[in-house]
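Undergrad: Chain residues, written in single-letter form:
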Amino acid sequence: MALIPTPSQTVGPYFTIGSTRGNCDCLAAPGVAGKHIVIAGRVVDGDGAGVPDSLLETWQANSYGKYAHPEDTQDKPIEPGFRGYGRIPTDDDGKFCFSTIQPGAVPGPDGQPQAPHIAVSIFARGLMRRLVTRIYFPDEAANETDFALSRVEPQRRGTLIARKVPGQDVQFEWNVVLQGAGETVFFDC
Amino acid sequence: MAGIPGYRRTVPGQQPINAYSGYVSSHKRAPSQPLIDLPHTLSEITGPTFEDFPDDPKAADLISGRGGTAIGERIVVTGRVRDEDGRPVRRTLVELWQANAGGRYRHLVDQRPDVPLDPNFEGCGHTLTDAEGRYRFVTIRPGEYPWHNHHNAWRPAHIHFSVFGPAFATRLVTQMYFPGDPLLPFDPIYNSTADEEARTRLISAFDWETTIPNTALGYRFDIVLSGRDRTPMEL
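Sequence lines, in order, name chains A and B. Using our numbering, you'd call the opening residue of the first sequence number 1 and step up by one each time. Using our numbering, you'd call the opening residue of the second sequence number 1001 and step up by one each time.
The following block holds chain B by itself, in its conformation from the complex (with noise of 0.2 angstroms):
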C-alpha cells in the first residue's frame, strides 16, 4: 500500500474558509485552530459505494411526488458530475433539497405562517448518475427568502446538493445558484468562496437543449469533485 495516491487539495481561494466573519452562524461554529494536514490513506480513498442503491425515477421528480402537482415555475436541472480532470464519476448519488415556490422550507424550524406550504411539495429528491456521471431533476425554481444574518439579508434562489463521489476525499455538499439573481453579490454564502471563477461554478446556466416545450425551462448545473494526485495503476 506504500505510495497510494490520494485526491488533489484544495486550491487556496478556490474553497470556502469556514472562519468567514460576513456569516454570522459561522462566528461560535468554526474551528479557531488550523487543520492539521492528513496525507490520504485507504480509509480517505474509499467510501460508502451505490452500486446496489436502488434506483428510483419518481425521486428525480419533485413536482408530483406527492400526488398533486407542485405549484411554481417548473425547471429541469441537469447536470454531470466529474473529477478535475474531466472524468465522468458514475453511479454515485446525488441529493437535493430547496424551499417552495414561495420561499419556505418543509421543516420545524420554518415557520413562518405568511408563507404557506405548499402540500403538493415535499422539497427533497435524489437520483443516481448513470455512466456519463449524468444526473437529471425535475422541480420548481426554489423561492428567495430572508434570513436573520444582517439587517434586511436574504438569500438568493438556491438548491442545496449533496454528492459523495468515489471516496470520502471527494464528499461534497454545495448550493446551486441562478444565473442573473440580483442577490448573489450580497450573500456571504455564496461570497464565502474568494476566486471569482470557482465561485461562479456554482451558478446554474440557462439551457435551451433541456428546456421543455410548453413545460419548463432547462438549467445547467455541472458539478467538479477532487481529482486523483496520479492514476492509480488499476483504474
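Only chain A is shown next, with the shape it has when bound in the complex (with noise of 0.2 angstroms):
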C-alpha cells in the first residue's frame, strides 16, 4: 500500500540560517568547456516589491546536455567542474546572480531534443510548496518546438526566457513576477 506523501511547508523568513552552507552561485569550475553565462535578476510579488526572503535553487545539464546523475544514460562525457546544482538566496531587494555554463539540448518525451533550459524551484515565507520554473535562452530556434514552452500560452512564454543584457555577450537578465501582471509560468511538477 502506497504511503502518503510528506506535506510540503514553507521555508518561513529564517531559512538563510539552514541553507547558507549549501549556497552555490558559481556553478562551474573556469576550466569547464562550454559558454559560461551570469544570469541576474529579481523576485517581485504582486506589488512589484523585491522579495528578500526568498530562495531559487537551479539544475542543469552541461554543455553537452548530459546531468550528472545516474539516471542519465546519454552517451555524453560528464565533467569533473560541474555538478549542475545551484542554490542562491535574494538579497535585501529580491535581486540574486549566478554564473553557469550554457546547458546543452537534453532528450525530452519521445527522444525529441528539449530547447536548452534550466530547471528552477522557488522557496519563500509566503509559498507552502515551492515554484518549479525554467529559464529558456533567446535565440534560440529549439525553442519553437520545445515541449513545455509548447504547453504555455504563446503571450506568457516570455517569462521563461532569458533577456540578453545589452552590449553583453555573456550576461542574461530573468526576472521571477510570483503574481499579478506578467506573472512568470509556474509548473506543476
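Note that these hints are calculated values from the structure, not bench results. All values reported here derive from a predicted model rather than from experimental measurement. Note that beta-carbon positions come from the ideal geometry of N, C-alpha and C, so glycine has one too. There could be a bad hint or two in this list.
Here are the computed distance ranges between Cβ atoms for each label pair [stated by the list, open to error]:
| id | chain 1 | residue 1 | chain 2 | residue 2 | range |
| --- | --- | --- | --- | --- | --- |
| 1 | A | Gly48 | B | Ile1212 | 51 to 59 angstroms |
| 2 | B | Leu1117 | A | Leu3 | 23 to 31 angstroms |
| 3 | B | Gly1068 | A | Gly34 | 46 to 54 angstroms |
Pairs of lysine to aspartate or glutamate residues, derived as EDC-like cross-links and limited to a Cα-Cα distance of at most 20 angstroms, are as follows [as the list claims (entries may be wrong)]:
| id | chain 1 | residue 1 | chain 2 | residue 2 |
| --- | --- | --- | --- | --- |
| 4 | A | Lys164 | A | Asp139 |
| 5 | B | Lys1028 | A | Asp92 |
| 6 | A | Lys35 | A | Asp139 |
| 7 | B | Lys1058 | B | Asp1118 |
| 8 | A | Lys95 | A | Asp25 |
| 9 | A | Lys164 | A | Glu144 |
| 10 | B | Lys1028 | A | Glu140 |
| 11 | A | Lys95 | A | Glu183 |
| 12 | B | Lys1028 | A | Asp25 |
| 13 | B | Lys1028 | A | Asp47 |
| 14 | B | Lys1058 | B | Glu1144 |
| 15 | B | Lys1058 | B | Glu1122 |
| 16 | A | Lys76 | A | Asp110 |
| 17 | B | Lys1028 | A | Asp91 |
| 18 | A | Lys164 | A | Glu140 |
Partner residues are not named here, just some residues of chain A that face chain B (Cβ under 8 angstroms, in silico) [stated by the list, open to error]:
| id | residue |
| --- | --- |
| 19 | Ile4 |
| 20 | Ile17 |
| 21 | Gly46 |
| 22 | Phe123 |
Quick one: dock chain against chain with the hints and give me the complex.
TA: Put into C-alpha cells, the structure is as follows:
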C-alpha cells in the first residue's frame, strides 16, 4: 500500500540559518567546457516589491546536454568541475545573480531534444510549496518546438526566456514575478 | 528516452495550496494563474546527488556544536526517508533549522531583545541518510513563538526540514511538529494541507526506543517523498 507523501511547508523567513552553508552561485569551475554565462534578476511580489526572503535552486545539464546523475544514461561526458546544482538566496531588494555555463540540449518525451533550459525551484516565506519554473535562452531555434514551452500560451512564454543584456555577450536577465501582471509561468512538477 | 518513468503527482488535498487565505504572507506571493502540467523528462527525474558529500557527524549535533552546551530540553530526532512505495531513500541530504529553547532564531530578521539568543545554539544542522534511509539529529526542543499573521498568533513548536531525494521532482521542504501541541489547531501553516491524514504526517511521534535514559527524549519523524510512476527497468 502506498504511503502518503509528507506535505510541503513554507521555508519561512529564517531559512538562511539552515541553507547558507549549501549556497552555490558559481556553478562552473573555470575549465568547464561551454559558454560561461551570468544570469541575474529579481524576484518580485504582486505589488512589484522585491522579495528579500526567497531562495532559488537551479538544476541543469552541462554544455554537452548531460546531467551528473545515474539516471542520465546518454553517451555524453560528465565533467568533474560541474555538478549542475545552484542555490542562490535573494538580497534585500529581491535580487539574485549566478554564474554557470549555458546548458546543452537534453532529450524530452519521444526522444526529441528539448531546447536548452535550466530547471528552477523558488522557495519563500509565503509559499507553502516551492514554485517550479524554467529558464530558456533567447535566439534558440529549438524554443519554437520545445515541448514544455508549447504547453504555455504564446503570450506568457516570454516569462520563461532570459533576455540578453544589451551589449553583453554572456550576461542574461531573467526575473520572477510571483503574482499579477506579467506573472511568471509556473509548472506543476 | 521515450516513455521515461516520472514521479507520481500530488493527490488533491494531500499537499498544501499556496493561495491559502489564512496565511497572510501568501496574499501577495502566491501565483494567481493555475500551474501548467509538465510531464517529467530527464530534467525532472535527475537532480543533485550526494555520493561525494562529506560525512560530518558534528553537523548532526546541534547541542554541542558551538563549544558549550545549548540551553533547553534535549531531544533526539530520528526518522526514515522513504518513497511512497516504502523504499528507503539512501544517501540524501537532510538539513534542519529551528528556533532556540526560548523561541528565537539566530537570524537578523528575528530581533526581540526580550528573548535572548543562546550563545551555544546555532540552530542548524545537516546529515546524510544511511542505506536504510535513516537519519538522526541531537538538538533541543524549540520554543513556540509569536508572529504577526493575526491577533495573538503563535507558531507551534516546529523544526524546519529540507530533503532532496533522488530527483529534482522529489525536492521537499517541510516542518516537523510535536505531538499534543495545543497550538496546532490554530496554526494556518500546519492547517494549509486539507487532508487530515496527510497533515498529521507532519507531527512527530514520541519514541521510547530512541529516548536516551537520563539524557534526552526521542521523537520519530518519518519523511515520505514522491514515488515513481512505475519502476525504471535498471533500478
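Undergrad: Taking the hints in turn, state whether each one holds.
TA: Here is what the structure says about each hint:
1. A C-beta distance of roughly 52 angstroms is found between Gly48 of chain A and Ile1212 of chain B, which places it inside the suggested range of 51 to 59 angstroms.
2. A beta carbon spacing of about 38 angstroms between Leu1117 of chain B and Leu3 of chain A contradicts the range 23 to 31 angstroms that was offered as a hint.
3. At roughly 48 angstroms, the beta carbons of Gly1068 of chain B and Gly34 of chain A sit within the given window of 46 to 54 angstroms.
4. This hinted pair checks out: Lys164 of chain A and Asp139 of chain A have alpha carbons roughly 9 angstroms apart, not beyond 20 angstroms.
5. Simply put, Lys1028 of chain B and Asp92 of chain A have alpha-carbon atoms about 17 angstroms apart, close enough for the 20 angstroms limit, and the pair holds.
6. For a cut-off of 20 angstroms, the pair hint linking Lys35 of chain A to Asp139 of chain A stands: about 15 angstroms separates their Cα positions.
7. At most 20 angstroms may separate the alpha-carbon atoms for a hinted pair to count; Lys1058 of chain B and Asp1118 of chain B meet this at roughly 18 angstroms.
8. Between Lys95 of chain A and Asp25 of chain A, the direct Cα distance comes to roughly 13 angstroms. Compliance with the 20 angstroms bound is thereby established for this hinted pair.
9. For the hint linking Lys164 of chain A to Glu144 of chain A, the alpha-carbon distance of about 18 angstroms falls within 20 angstroms, and the restraint holds.
10. Straight-line distance between C-alpha atoms of Lys1028 of chain B and Glu140 of chain A comes to about 33 angstroms, which puts the hinted pair past the 20 angstroms bound.
11. For the hint pairing Lys95 of chain A with Glu183 of chain A, the CA-to-CA distance comes to about 17 angstroms; that is within 20 angstroms, so the pair holds.
12. Among the hinted pairs, Lys1028 of chain B with Asp25 of chain A is inconsistent with the structure: their alpha-carbon atoms are about 27 angstroms apart, more than 20 angstroms.
13. Of the supplied pair hints, the one linking Lys1028 of chain B and Asp47 of chain A holds, its CA atoms being roughly 7 angstroms apart against a limit of 20 angstroms.
14. For the hint linking Lys1058 of chain B to Glu1144 of chain B, the alpha-carbon distance of about 26 angstroms lies beyond 20 angstroms, and the restraint is violated.
15. A distance of roughly 13 angstroms separates the Cα atoms of Lys1058 of chain B and Glu1122 of chain B; the hinted pair therefore holds under the 20 angstroms criterion.
16. Between Lys76 of chain A and Asp110 of chain A the alpha-carbon distance is near 19 angstroms, which keeps this suggested pair within the 20 angstroms criterion.
17. Distance check on the hinted pair: Lys1028 of chain B and Asp91 of chain A sit about 18 angstroms apart at the alpha-carbon level, within 20 angstroms; holds.
18. Between Lys164 of chain A and Glu140 of chain A the alpha-carbon distance is near 12 angstroms, which keeps this suggested pair within the 20 angstroms criterion.
19. Below 8 angstroms, beta-carbon pairs count as interface contacts, and Ile4 of chain A has one with chain B at about 5 angstroms; its hint therefore holds.
20. With a least beta-carbon distance of about 4 angstroms to chain B, the hint placing Ile17 of chain A at the interface is held under the 8 angstroms criterion.
21. Residue-level restraint check for Gly46 of chain A holds (minimum Cβ-Cβ distance to chain B is 4 angstroms; threshold 8 angstroms).
22. The interface hint given for Phe123 of chain A is met, as the beta carbon of that residue sits about 6 angstroms from the closest beta carbon of chain B, less than 8 angstroms.
Checked against the numbered hints given earlier, the structure breaks hints 2, 10, 12, 14 and satisfies all the rest.
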